[in-house]
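Got chain G; can you put chain U on it based on the hints?
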Amino acid sequence: MSFLVPDTGLLFWMLLAFGIVFFILYKYGFPVIISKIEERKRYIDDSLKKAKEANKRFAAAEHKSNLIIENAREEEARILREAATMRKQIIKEAQDKAESEREKMLLETKRMIQQEREAAMRDIRSQVAELSLSVAETILRDELSDEKRQKEYAERLLDSIDVEKASEK
Amino acid sequence: MRCLRYILLVLISLLPFAGMCKESGQGGVDVRSIIFEHVKDSYEWHITAIGDNHISIPLPIIVYSSRTGWECFSSSVFHHQEEYKGFRISTSGDNEGKIVELDSFGNEVRPVLDLSLTKTVVSVFIYSIMLVLIVLYVARWYRRHRIEDGAPKGFVGVMEMLITMVLDDIIKPNVGKNYLKFAPYLLTVFFFIFLSNIMGLLPIFPGGANVTGNIAVTLALALCTFIAVNVFGNKEYYKELFWPDVPSWLKVPVPLMPFIELFGVIVKPFALTIRLFANILAGHTVVLAIVCIIFITMEVDTRIGGAMTFVSVLFTIFMNCLELLVAFIQAFVFTMLSSVFIGLSQPEHKAKKH
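Chains G and U, in that order, are what the protein sequence lines are. Numbering of the first sequence is given in numbering that gives the first Met the number 0, commencing with residue 0 and proceeding in unit increments. Numbering of the second sequence is given in numbering that gives the first Met the number 0, commencing with residue 0 and proceeding in unit increments.
Take the hints with a grain of salt, since some may be wrong.
Only part of the chain U face toward chain G is listed, based on derived beta-carbon distances under 10 Å [what the hints assert, rightly or not]:
#: 1; residue: V38
#: 2; residue: L130
#: 3; residue: Y141
#: 4; residue: A182
#: 5; residue: F190
#: 6; residue: I214
#: 7; residue: P246
Just so you know, these hints were derived from the structure itself, not from any lab. Computed from a prediction, not measured in an experiment: that's the story for all the values here. From the three backbone atoms N, C-alpha and C, an ideal C-beta is built for every residue, glycine too.
So here's chain G without its partners, still in its complex pose (with noise of 0.2 Å):
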């Protein structure tokens, strides 16, 4: 059973390999590795942390500025449609005016004319009057220049007293 017989010298030298091994690589080696790969990870952990929430900014941001669109088109939606109703109004507004004006234009007229015409119906008839008197004068005259027509008229006229004041009766 030489298998389970530790040799000394064996024993010796593995200890010394193993000590100085263990004594270079704890002095050099992985401390060193160790702390590397742990403020990696801390490094990795941390800039997830931060990509995360960078993120998340970026979608409030987006969300934000979507709303800002948004309302601006909303607001864009309105001042047209506010501008389409005033147009409208200032339309009716001045067709109205014109209306009223063309109205009160055509009231002028009517009256003026009016005015026109009975002033040239006053003045027909005072030149009709004239004339006609002129005229029944012209005839009269001519009429009147002997003397039986001098009595048949003023029996004529007469005749016609007595059917006015017959009629009236």
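The following block gives chain U in isolation, referenced to the frame of chain G:
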């Protein structure tokens, strides 16, 4: 075509063993000695034999004898003579294969101290140097790169994966909050065992030595863990050891519980030692035994031997894959048990637990 090429390759790779077969020709294949020759320590590093020419690296023998004091000579002196300055390599008995000298009664006795650089010692040195170079190379990568440069690729990436695995799966959960203090030690243990196991599976020179399958090596590792556990154990640990929280009749007249606890402390390194040693030794033995099937059946009948070659190579490939797994698992288990023991020696204060 490809299949043929593979078979040819396998046959060629078996050629060295053909010499071995001839060598022990008359008396049949001595499987026991072939296997033992491989798994046991030796004073020279036997690489291969081509025909009758043995190619091996002689290693220095350093002994302290009460007779002559310190002696240092190459193991190649025994190639031509059996005895040198009163030392010889024993061929039988308890000290078979070890260096011995004759005492005044003519009995073979071991020298007082045998610090020879044997095959296993040299392997330990080579693997230690490899391990230091690998880890320092990886550490240099980390020193030269900033964190923003990202994760390493290639070999350093593989090492980082292993280191992170050991850190996160073994050390952190088992050792507790003090893990940074013990992580370098546990990582050194893991990589030393893993590298030795893997190298032990390689059949040619720098590999092939049965390092972790040698009880002295595993005992040394277990002793280191024992020291780490008991030197850095905190007050709570020692209180639990000598004055545990049990009814006082269990500890006052006869210190029953302290005795059991102390027994546990001593048993722990033994468990570590035997587990690793036995697993690796068994792995090496099984692979060699399966390879030896070829030579045993060859002797009975060449045709059966030819057929068995195929079966044996298949089995060897399977065993090697299994051993690859075992190499990792044993390194993992040794590190995990060490972390558990260290974690148990760092109990948190009771008030914190509740």
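Open item on the list: Run through the hints listed earlier and report the numbers of any the structure violates, in increasing order.
Closed with: 7
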